[in-house]
Structure formats: structure tokens, C-alpha cells
Amino acid sequence: MPRPIVTLTTDFGEKDYFVASMKGVILSIAPNAEIVDVTHQISAFEIAEAAFVIDQASRCFPKKTIHVVVVDPGVGSARRPILVQSGGQSFIGPDNGVLGMILDRGKCTTRELTTERYFRHPVSQTFHGRDVFAPVAAYLATGTAPSRLGKLIRDAFRPALSRVQQTSKRSWCGAVLTVDRFGNLVTSFRREDFPTLGDSAFDVKIGFETVIQLATSYASMPCGELFAIWGSAGYLEIVMNQGNTAKHLGVGVGAPVDLLVY
Amino acid sequence: MPRPIVTLTTDFGEKDYFVASMKGVILSIAPNAEIVDVTHQISAFEIAEAAFVIDQASRCFPKKTIHVVVVDPGVGSARRPILVQSGGQSFIGPDNGVLGMILDRGKCTTRELTTERYFRHPVSQTFHGRDVFAPVAAYLATGTAPSRLGKLIRDAFRPALSRVQQTSKRSWCGAVLTVDRFGNLVTSFRREDFPTLGDSAFDVKIGFETVIQLATSYASMPCGELFAIWGSAGYLEIVMNQGNTAKHLGVGVGAPVDLLVY
Amino acid sequence: MPRPIVTLTTDFGEKDYFVASMKGVILSIAPNAEIVDVTHQISAFEIAEAAFVIDQASRCFPKKTIHVVVVDPGVGSARRPILVQSGGQSFIGPDNGVLGMILDRGKCTTRELTTERYFRHPVSQTFHGRDVFAPVAAYLATGTAPSRLGKLIRDAFRPALSRVQQTSKRSWCGAVLTVDRFGNLVTSFRREDFPTLGDSAFDVKIGFETVIQLATSYASMPCGELFAIWGSAGYLEIVMNQGNTAKHLGVGVGAPVDLLVY
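Protein chains in written order, with this note's numbering: chain A, 176 to 437; chain B, 176 to 437; chain C, 176 to 437.
Be aware that a few hints might be false.
Since copy identity is lost for identical chains, a pair holds within one copy or between any two.
Claimed, not checked - Distance condition first, Cα-Cα at most 30 Å in a straight line; then the derived BS3-like pairs of lysine-lysine:
no., residue 1, residue 2
1, K282, K239
2, K238, K282
3, K190, K380
4, K190, K282
Derived from the structure by calculation, the hints contain no laboratory data.
From just these sequences and the hints, can you work out the full model?
Rendered as C-alpha cells:
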């Protein structure tokens, strides 16, 4: 029987005891769990960044995987801990938007995590990753029924994380969703919404530059030239071959991106 | 049967082959081991930081867990490799203080690791993590009796890592033990030693600031205000809601912290 | 039966979804795989750095380990994906030199990975780590015969990564192969090629300094003094006890290192 997979996505970094504490709690309850780090380098308190990463990463994991996402500036406040089930996988985190792109997929069931029997006690006011989210994930991994963890809710928080607005018949305004480690700018334009992009001339305006080429691979373009590409996440990316686009343009997450199709 | 857990805490960083070499050695001897990284981002040679992290992290792991801690500026010198057993767990590292907070718990048995049969040969002068600590941990994970690894000792090194001194009837002097990834300052004042803090007025002086409020959660305080909180590690922390306290105050590990209770 | 080990070495960093996607793909195909991170902090596109790290790390892993190495500036171009088998282990990566030091060991069999049935579809143009290398490694872990993955080739790319040139009867010119996390400079001089170094006087010239001492451990030298040592990787290293040599000398990867033996 395969081991239950539990993934972790946090803004805890890796220098402190935080992540290891969560893993110790999980392995104490579910010794058979296979723990996989997605990342602990979400920028501190950056909910949108975490929402994007878990949406992407989870797509490659098998059904039954349990994803724990803890970016939680409101820890200790009234924000609810939730469980979202979507596509056969489970997602656990605070109800602050980190699971927003999962909720946007539709066909979810969402529960508020209220059954304190499945928490680690005493529950601290500052570390729900260890005291609430990790133990609940571990109990789920051991086969605890979701219905035991709390009641269904219908008002989980869904921020407008990845929207594109149409501004005229042939123009749209989006934004930079995330900047990857290579400096590539992932924009909010999705391939499925613009399947024919590149069939006619277009402009992408970002920072002080205008991008007019759509390439099919990095290697097909000269080093140092700016171009667009459909990235592996299914979004339009503004990139350079072996260059750091974010540094070159001086733009980051949230920067506006304007698309005009001729 | 659950797999034996071996955790790793080092100052090796993650860019080199060092950590992977240790994991390869462990899995070659104990293919069934479950290896968990606590952190490899201890500041280079910072024994006190490692001592704090492993003390905290180990509390969440189940009995029988084997913790390897390698922060070892004296590698190749006469400092002894040791095994400390405490609370049903095993701790392996150099006898230079990294296991000091474990030893401070009392009720430990400590052995010097002298049985070279359990080392990887030839033993290099510069990488005992791979050649001494990893293989000994792996043999322990496969069920080797601790008594085979070396003789009991009673003089393991216990530096004064987390002491608080009383300076008058109502004042104490402590220090910053560690700075976490969010910039929160963890001080050496322990909750169990000051259970009534906050019942009457108090001052905490640190850097050029005086802190007079004790909060129960980050979210209960306005952004940008400095306050004290009992952290998830059981120590008094000086923090800001969504701000970096260490940068704000310009203080770091070892900075004095003065407590006055009125 | 021990679980099949799959190691990962990339320049993807740890903040994005890239590494987790590869792990999800592997666990979807080979739920029993034991995934070990070697490092994801290879400098972006630095093939020589990756070649050195996997050569070192792999030496500590058991036979049958499968190593995936993805540093791939030419992703989407015509460069071939390859499988190298050496010493009972398998190495998977692009044919761009990242496996050069494995190929230099001799006694390898090398195959071009052409059987698209073992890829993840659709194969993106920008993320072969997820779509080609991870699934092929996973199928290998489940017992797929290498001969099914593609045909033998004899012309895999072997760059001159770690060469030393003799410049006169008693002098040689090498280079800095890598800089470790402590700032130690690993040079291309191998212990097996200079077994008697230190028996007579010698000079190592690097940057504006000349090193004349060969020590057997860091701890045997005073802090702040520059010296040479045979490192744990079997190469001559230029180091300081508890100091950062790379910063002190202002040199990095590729810097020339001249050895003169009197």
C-alpha cells in the first residue's frame, strides 16, 4: 500500500525549528506518512504567492495527497482553519486566500476545522502550523473521515488573485503573478483564454518595455533579448534567455501587464 | 513497523554535496531510515543557534528518534564525538556545546563515540558529519546497542547558553537567544520562570527601546508596534505584527535584554 | 525490500513549484520511491558546478541509486536527454556536460532517452525536469529496463571540467572547481595525482596570495591564516580556519591556481 503523501508549503524559511516541528508532529501521529516539502520560502505573509505555488505544485501529485499551506499573518485571530477537498486531494490552511486558487477551480467541498480533539494541545496563539494544521493533516493521513474534522461551509475567502480585465475590444490588463527563481515574470494571462496569441501581431507592455515576440523555447532566442513564452504553468511569461527579466525590467509581483492584439 | 527517524541539523547550507553525502551514508547502512532535515542553515560555526534549534525541534518528534547535529568548528581536533540519550531519543554530535540544552534537561546518559568499527573509513580530518556522525546514527537506527558505540562519560561540555541573571529583587538580565526568520527576537526568559509576567506593570529594555505590553497573539496588536509575547518555544519574544523586529531595533543574537517588574 | 532511491540536483532553487512538481510526478509513477534532494541551489545554468556536486554526492549512495541532474540552459533545443550508467548507479540529465565527471570515470554505458512513452505528456518546451527527466527516473525506479528507454550512444558531451595542465617540469596550472558554503576554494588538483605534496617545499599561487603550508585539519591552524588542505572530496582546497577564503582573496570558480614544487 502506498504511503499517504503530505506536502508542506509555508513562509517559515528553513533556518528555524518551525518546519521540523510540523514534521515531528505529523510523524508522531502518522508514522507512515511521506512528507514532501513544496517550499518554505514563500515571501513572509505573501498569500498570493503561496496560492499560486500550491495551485501549480498540486497538479503533479496523485489523488489522496494532503497539502498543508501555512502563510498566516492572522494567526491567533478569528480567521478560520479550513479543509478544502478538490479533485481527490485535500488542502489544509487558514481561510485567508492561500487556498483561493484551489477554490477557484470549483467542485470543492470546504469545511471549517473545529474538532479540537484533532489539534495538538495546548494550542499556541502563534504557531497553528504545528498545533492545528499539521496534526489535522496527519489524522487525515491515517484515515480520519473529513466529516469528523468540522462542518461544511460555503463562504471560504476567495480573493481576486489571478484576474485579467478586458479594457477594450482588443486589449486586456493583467498583472505579474509571481517571479520565479530565474527572474522570469509569470503573468496572469492564461493560455486557455488566449489560445491564438501570436497568430497576429501583438504588444505586451510591462515596465518601460514592449514585448512583441512569442517564442516556443528559451533556447530558440538570442541571449539578452526580451520575449514572451507560454510557461510550464500555462501562463504567459515574460522572459530572457539566460537573463534575469525581473532585474532587467525592475518589476515584481503585482506589476501591471497590458496586452494589445492587432 | 514504523521506520526509524534520523534528523539532521547542520551549518552546511544546501548548495554543496555535504548533506547529500551524509544521507547517502545513512541510507547505505540503514536503507529503511526516514531522514528528516531540521535545518542546514545554522549560521556557520554558531553552536548556540544549533543548540536552541535542536532543543526545540526534538520536542515534537516521537521517542526513538535519532538526532544528528553537526556544527563543528573543531573538526579534526581533539574534541570528542558524543551520543546523548534523553527522553527516549538519541542525540549525536561533537562535544562542543551543540547538545548543551539537551544535557541541561538532566536525566541524560552520555557516551563518547570511540568504536571506530562504526565509522566510515578512511575517516577524513575535515568531514566527520559524513565519516563519523552519519554512520553511527545509521547503525543506531538499525538497532546497534548504544553500549557498543563507546563508554559512558560524565563531563560533556555544557556552555551557559540560555541563562538569566537576577540583578536586583525585581530585575533580571537575559539575552537574545535567537532571531527567527520573521525577525522576532527570542529572549532567554522562560515562561515557566515568569508565570505571572503581565499581572503587574513591567519594562523590557532592549536596544534603545522599552517594551511594556504583553500580547497573546500577533494579530491582536496594530502593525508596526513593538510588544512582548510568550512564543511557541516557551520563551519571551520581542516582536512586531508583520514587522521585522531585529532589523527595526538593530539587535541580534547575544544582545542584552533587561526585565524590570514593578 | 529497500525502496528505490531517486536523488535530485537542480538549479531550480526552492521558492517555486518546480522541484515539488518533479517529486509529484515521480511519486505518481513510483509511489515507493525514496526521493533525496542533493541540492537545488546550483547557480543558475552553472553546468560545471552541478557536474562537481553530483560526482561527489553520488559516491556515498548505494548501488541502484538513480540520480537526476537538471541544469539545462538549452531546454527546448536539440540537446539530447541522456541516461548514463556507471558503477551500478544511473544518472539522468541533459547531454550538456552536467554528467561530464561521471562520464570521465570511464566504464559507462550511455543512452539517449528517446522513448516518449516514458515522458509526461504534453512535453512542455521549458520544463523537461518535470516532463522528461522525472518520469524517466520514476519508470527506471519501478524496474523498467534501461534498454527500453533509448539506444546506446558513444558521443555524449564531456567538457574539460577539472583538468590540470603541466606547465614545466615542476609546475602545474589548475583552477578553482567550486567554492563551498564556508568560502573554501576547491581546486582541480587531485590527491591521487600529487600524493607526495608537502614532502618538499611548494607554492600555490592564487589571486594575489601565495600559500606554502599543507595542514591536516582546520583546527590545527590559527584562525585567519591561509593554508592548503586535502579536502573531503579528494581535491586540494585553499582554506582559512573559520574564515571565508573566497571573500578574503576575492576569487571564485574558474580562477587560475598555480602550483610550483621545489
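Now for the hints, and whether the structure bears them out:
{"no.": "1", "hint": "K282 to K239", "verdict": "within (16 Å within a copy, 42 Å between copies)"}
{"no.": "2", "hint": "K238 to K282", "verdict": "within (15 Å within a copy, 41 Å between copies)"}
{"no.": "3", "hint": "K190 to K380", "verdict": "between (39 Å within a copy, 26 Å between copies)"}
{"no.": "4", "hint": "K190 to K282", "verdict": "between (38 Å within a copy, 28 Å between copies)"}
Going through the hint list in order, the structure satisfies each hint without exception.
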